[in-house]
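Peer 1: Sequence:
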Amino acid sequence: MEVKSTYKYARVSAKKARDVAREIQGLPVSSALDALTFTPKKSAALIAKTLKSAIANAENNFELDADELFVKEAVIGEGPTFKRFKPRARGSAGGIRKRTSHIFITLAPKAEA
Numbered sequence: 001m002e003v004k005s006t007y008k009y010a011r012v013s014a015k016k017a018r019d020v021a022r023e024i025q026g027l028p029v030s031s032a033l034d035a036l037t038f039t040p041k042k043s044a045a046l047i048a049k050t051l052k053s054a055i056a057n058a059e060n061n062f063e064l065d066a067d068e069l070f071v072k073e074a075v076i077g078e079g080p081t082f083k084r085f086k087p088r089a090r091g092s093a094g095g096i097r098k099r100t101s102h103i104f105i106t107l108a109p110k111a112e113a
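Note that full-length UniProt numbering has the sequence shown beginning at 1, numbered continuously upward.
For the record, the hints were derived by calculation from the structure and aren't laboratory data. Every value quoted in this text rests on a predicted model; they were computed, and no experiment measured them. A virtual CB, placed ideally from N, CA and C, is assigned to each residue, including glycine. Misleading hints may appear alongside valid ones.
Estimated spans, in silico, between C-beta atoms of each pair [stated by the list, open to error]: (1) K52 - A89: 45 to 51 Å; (2) K4 - K98: 23 to 29 Å; (3) E68 - I96: 42 to 48 Å; (4) P80 - R22: 22 to 28 Å; (5) E63 - P28: 15 to 21 Å; (6) S31 - S92: 18 to 24 Å.
The calculated lysine to any residue pairs, modelled on SDA-like cross-linking and capped at a C-alpha distance of 20 Å, are [what the hints assert, rightly or not]: (7) K15 - L46; (8) K110 - S30; (9) K15 - T81; (10) K98 - R88; (11) K16 - V75; (12) K4 - L46; (13) K72 - D19; (14) K8 - A56; (15) K98 - Y9; (16) K49 - D65; (17) K110 - E2; (18) K72 - A35; (19) K42 - S53.
Can you make the complete structure from the sequences, with help from the hints?
Peer 2: Next up, the structure:
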């Protein structure tokens, strides 16, 4: 039984978050949380929040034990981009793109592996 959790419209670019997501794929849940705790990036905190949500879903909705779960999949998709403008010289404006991402985490019991 797979357990999923989603964090949509996270205010971090997908490219930066994918580096952190690759680190936890295939790890047991406890090791993944430890790795995220000691990773000094903004995306690590957002991915950890989503991982904790997936663990809570597994325990409360499916009566699964958190010690027997591992991270089957951690996918970061691109979300919509906020477009902002910054004043530049001589009355012109330069565009700023504030990127967002969607974080999808899938957990599975070790028996399925």
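Peer 1: Hints the structure violates: just list their numbers, smallest first.
Peer 2: The structure breaks only hint 6.
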